[in-house]
Structure formats: C-alpha cells, structure tokens
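Residue numbers (my numbering), protein chains in the order written: chain G, 5 to 344; chain E, 818 to 1149.
Note that these hints are calculated values from the structure, not bench results. Hints should not be assumed to be uniformly reliable.
[Unchecked claim] Derived CB-CB ranges, DEER-like:
#1 Pro19/G x Ile939/E: 41 to 47 Å
#2 Pro19/G x Ser1043/E: 16 to 22 Å
#3 Ile935/E x Lys134/G: 39 to 45 Å
#4 Tyr821/E x Leu77/G: 21 to 27 Å
#5 Glu228/G x Ser1043/E: 29 to 35 Å
#6 Ala199/G x Thr1075/E: 38 to 44 Å
#7 Leu982/E x Asp83/G: 54 to 60 Å
#8 Lys134/G x Leu835/E: 50 to 56 Å
#9 Ser1043/E x Glu78/G: 57 to 63 Å
#10 Thr191/G x Ile843/E: 57 to 63 Å
#11 Val839/E x Gln162/G: 42 to 48 Å
#12 Ile1089/E x Thr191/G: 53 to 59 Å
[Unchecked claim] Covered stretches of chain G (chain E as the covering partner; in silico rule of three or more C-beta atoms under 8 Å from a C-beta of chain E):
#13 37 to 50
#14 121 to 131
#15 227 to 233
If you're wondering where the values come from, they're calculated on a predicted model, not measured in any experiment. Note that CB positions come from ideal geometry on N, CA and C, so glycine has one too.
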Amino acid sequence: MSSFLEVKNLSVAFPTEDGIVQATNEVTFSVDLGQTLAIVGESGSGKSVSNLAIMGLHNPKSTRISGQAIFNLESGPIDVLTAPTETVRKMRGSTMSMIFQDPMSSLHPFFTIGNQIAESWLLHNEGGKKEARARAIEMLDLVGIPSADRRVDDYPHQFSGGMRQRAMIAMALVNNPKLLIADEPTTALDVTIQAQIIELIKQVQKEFNMAVILITHDLGVVAEVADHINVMYAGRLVETGPVDDVFYNSDHPYTRGLLNSIPRVDSFHGGRLSTIPGQPPSLIHLPNGCSFQPRCSYAKHVFGNKCEISMPELSQKAANHLARCHLSEAEIISATKAGA
Amino acid sequence: MFKYVSRRLAYAIFLLFLLSIVVYLIFGLLPIDPARISCGVHCSPATVLGNRHRLGLDVPLYEQWWRFICGIFAGRTYGDGAAQFTCPAPSLGYSFPHNECVTNVIAGAFPFTLSLAIGAFILWMTIGVSFGIIAARFRGTFIDKAATAFVLIGSSLPTFIVGLLVYIAAFLMHWIDPISQGLWVSPFSDPFGFFKNFIFPWITLALAFAAIYTRLTRGNVIETSSEDFIRTARAKGVSERRILIKHNLRTSLAPLVTNAGLDFGGLLGGAIITESIFQLPGLGMISLKAVLHDYDLPLIMGTTLVAATFIILFNLIVDLAYAYLDPRVRIA
C-alpha cells in the first residue's frame, strides 16, 4: 500500500558563483491523506526548498532537482519532478496547494480578496464569474471570516494579518486539494492568532481529508497537530518518526537540542535558555563526516572519531523511527544521563 | 472625492497666485526697461515715457501685478485715444516684440508644443514599456543586453546631439523642408504633412525618454517578479503568461503613471532644444526668444504661468490616476 505522496531521494541544488549550494540532499518521506507531516529544522535546513520543489515553484534555470515526488492519484501515479510543466501547473492550486509565511505580502495588493479566490477557482473549473464569486464567499465563510458576503469585495489591506492568512487558506482550499503545504503559516502572526490559524488548519484537514505538510520552527505547533515529524539539518533528514516517539525518545542529538531550547514556563533552570552551540554549516562546504558533528555534544561518546569520518546512515532506532546518528537509542539515553 | 479635487484645485490656484508674485518680484529686480526696448534704437525720452504709460509700467510694481491679475479675469485695455487696443479676457498682457496680446501669442505657439508632446509621449511610452517588458522577460540574454545598451546610449546622448543627428538624417532623406518647417499644418486637414513635420522632432524628444522608461519598466517588472504574491499566483496554477500580464504588469506599470504624467505635463510648457533645432515655434522656442533676445517680460510671465499650470494640473491628474490604480491609496 503506497502513500498519497511519496518523495524519494529528493535533492535540490543551486549552482552559484561560489559553488553548488546543496539545499536538500536525498530526502525521502511520504505522507498520506488525512495525515499531517511536520518538517522542522533551522533556517536553511532545506525545509521550504524541498516543498517548493514538490510544488514545482523553483526556477528551473537556476535549480538542479533530482529524485522523485510521486502523487498516487486515482487516475494513476504522477511524478511531479519529471512530469511536463503544464501538467504540474494544472495540479498546482487543484491537487496541491500551498500557503506561505507572510500573508501580508502573499496576496496581490491590487485585487480584491474575492477576485483572487475566484481566480483560483476559475483556473481549475468550468464555470462563470458569478459561480466563482459564490464559491469565494462560501470559502471565506468556511475559514471563519465574518460577513463573508461583504468582505469578499475588500482588498487585502483592509484585512488584518490573521484574516489574510485565513483568506490564503480559503484560496488554497477552493479546489479541494489533496495536499496542503503550509510553509510556516503562523510565523508572521500574533501569538493569539497563531493558535486560531493552527486550529483552522486542523479543522479543514478533517473536513477535506487532506494530506498536510506543515513546515515550522514551532515545536509546540508540531506537538499539537502533527502525526509524523521530519527533522532536517543542513539539507538532510536527520530524524523521522511519529511525533510522540520523536519528542519523548529523540534519537538524534540535534532533535534533543531543539527540544531543549524551547523556553518552558514550568521548569525554571536558573534563567539561561539552553541553546545548540555553533552555527549551521555552509551548504557549499559541509563538514566532513556527520554535518552536525562540529556542534554535537554527543560526538565524544562515539568510539574513535567516527563522527568526523563518516556520515551516519538514516537507520532504524525504534519501530517506525529513524535517525541519522552513530549512537543507538540506548547509547543516546545513557550519554544524556552522563550530561552530554 | 469631489471635496478632494476641489481642495486640490483651490490649492493650485493659490500656488499660481504665489508664482505670479514671485515672477513680478524678479521682474522688478531686473535692470531691464521694456519701455526703452520697445521703441527701438533711435528713441526720444518722450517716446519712452509714452510707451511706459501705454504698457502700464509707470505705476508701482504691486499695481502692475494687480492689473495683470485683473486682466486675466476681465481683459485689459492699453493706451488711449486712437492708439487704444484691448486684450480680451483671459489677458496675460501685451507682447511688444510680437505686437500682439500674450494670450494670442501663446495660443499660436501651443499647437506646436502640444503636437510635439503628444506624439513624443505615444512614441516613448510604446517603445519604453515594450522594450522594458521584453528585457525583463528575457533577462540576462542577448535581448536584455541590447536593451541595456539602448538605455545607456539613449539616456547619455544629449538632446541637442540627437536632434542634430536626426535633423541631418531627415535633411539627407529630403524629409525636411527648412522653409515650411515652422508653419502650422493641421493634422485634420493634412495628416501626412503634419506627420512629416513632426516625426523627426518626435523621435528626437522621445529617444531619451524611451531609454529612461525602458530602464524603469525593466526594473519594476523584475522587482515585482520576486514578490510573494507572484509566487502565490504561481502556486495557484496561473500560467506564466497570465502572471506577467495580469499579476506583474499591473503593479509594475502603476508607478510609471506618476512619471509619465509629470513628464508629459512638463513638456506642455515647451521643449526648448527640440523646438529650436527643428524651428518649431512652440512655447519653448518663444520663451527662449523672449528671454534671450526680446526681454519680453509679459510673454515670459505668460509662458511661465502656462507651464506651471500644466505641471500642477498633471500632478493632480497623476494623483487621481494612481488612487484609481492602487486601492491602497485612498483619497479621503
């Protein structure tokens, strides 16, 4: 039984004057209808880049993409990385939709909200403007815009940030997509609004039975909505598994570091927030061996200098739970106790 | 909206009023006596006095100014007895070197300036916008580099050089008849003659503007193409062609309306170099002659006010047009 979306060995590279930026390196994952996959990692870890590749939104002239991203549709499987651009274009906005980080700049300032939602509907459906407008109102209502029939004629600048993100979601959902990619949908919003938007995404996912890929920095959001989590570091997948497993039995030092750096109200350890030392590596000149090794406090627990020599494989640490580390789960736990 | 426009118009009138005061003050400071100039080389003091009286220059400056203002609304009568003559409202004074009311002189020159401005405007907007879009669309290719070269050459060549080159080319092609060049040919009665008269001045005037507008358009289109809302359009499945035409150009070209309106408004005050090279007696050329040769203060006053009026008027038009194009600009 294959998943709805299967991404295999996806690599995205940008040739630049200084060398090739390997933004995403051999990433493999899958996501099924009704499932939410969270992708977390620092800026520049390849989260957005891999998903823009799935959407076909990279400029082909300046990007090198390899691997597969197969949509198992009722009409048969389609690999969007090799399919004709016209086929992928028609899938965008209908089969797969994306919402972005900054709802302030993601809507066209010169067209009304209704016009922009209607455009998306008209592109993928047979029908007139009247029908499209009715559909836009319906969608705005669905995402919780009050008096949608009046607000449909408003321009984006007349909407607040949270409402704009709701409108973006309405636009993304107008053609009943099977996959919704949300690229940091709450980063630019107020904390109180963030919760509402996440709640909305959860709600529409149930209603539309979509596969959702949620790209985020916010591990709190992940815990709340995701079923499965992919942790990325320097373009590679470093840990993947069901959310609870990854949160409570992290098998990669980087994931442990990320979880430890969340500020907590309930445990006050003398004031200092724990951080991961060092900087993310340059994607042109990755360190030898494991990319995380220069920043890793667990490396000293690995026999010899294995971390500096070989890049660990993504290997099974528990059922359904893989991590890219030379240490086993038991070794990581004991190293943590030893104060790594 | 009505309130806004009427407020802006009132402000414009106030501005013109101020401008007329400034111009009169400058005239008052100039060591030039129009009465002396108007009566030629051999001139008795009595004639100068007579002329001064006829021209209304024998009263204090503020009263001259007041008569000028009144003349705009009520017309103005000069001299007395048999030598009396009237410039009907709106009178901008009387030009001695032209022996005519300033309003009539300007009305005679304006068709040249207007024809020159409109034709050049159409030419440079067409060339500039289309070159700019094409260059942006084929960014980095040979086409883009050719457009950049055009921008560089067009904007760095001074108008008088361009004008002379065009003039020579036209002359060699026997398209220009130096004798009939300065005569007004109506575009309605003789479209071909009109076109023949103006095509080379249009090219001359339009070249530099076309280069500037190519650069502006190219820059705006490229800048807009990296906007988030363009990525959103792409994510919706909009085709590249439609993204350019609907989503990109709308935002890229709106700021050009400001430039275009102000440039066009400015040109309605006269294009001195182009008009002079092609001997077109438009506002630019008569102003130049009035300043350099005739010391024709009333005419300078008139052309200054006319030019200023156009600039102020087009400022208003541009603001209204921009508010129409960009919904974020609300007129309160």
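Evaluated hints:
Distance hint check: the CB atoms of Pro19/G and Ile939/E are about 44 Å apart, consistent with the given range 41 to 47 Å. Distance hint check for Pro19/G and Ser1043/E: the Cβ-Cβ separation is about 19 Å, which falls inside the suggested range of 16 to 22 Å. A C-beta distance of roughly 41 Å is found between Ile935/E and Lys134/G, which places it inside the suggested range of 39 to 45 Å. Between Tyr821/E and Leu77/G the CB atoms are about 55 Å apart, so this pair departs from the stated range of 21 to 27 Å.
In this structure the supplied range 29 to 35 Å holds for Glu228/G paired with Ser1043/E, their Cβ-Cβ distance being about 33 Å. Checked against the hint of 38 to 44 Å, the pair Ala199/G and Thr1075/E passes, with Cβ atoms roughly 43 Å apart. In this structure the hint that Leu982/E and Asp83/G lie 54 to 60 Å apart at CB holds, the actual value being about 59 Å. Checked against the given bound of 50 to 56 Å, the beta carbons of Lys134/G and Leu835/E, roughly 54 Å apart, stay inside it.
Between Ser1043/E and Glu78/G the C-beta distance comes to about 36 Å, which lies outside the given range of 57 to 63 Å. At roughly 60 Å, the beta-carbon separation of Thr191/G and Ile843/E lies within the given 57 to 63 Å, and the hint holds. In this structure the hint that Val839/E and Gln162/G lie 42 to 48 Å apart at CB holds, the actual value being about 43 Å. Here the CB-CB span from Ile1089/E to Thr191/G is close to 56 Å, well matched to the stated 53 to 59 Å.
Counting residues of the stretch 37 to 50 of chain G whose C-beta lies closer than 8 Å to any C-beta of chain E gives 0; at least three are required, and the coverage claim is violated. Judged by the Cβ-Cβ criterion of 8 Å, the stretch 121 to 131 of chain G is covered by chain E as claimed, because 4 of its residues qualify and three suffice. Check on the stretch 227 to 233 of chain G: 0 of its residues sit with their Cβ under 8 Å from a Cβ of chain E, so the three-residue criterion for coverage is violated.
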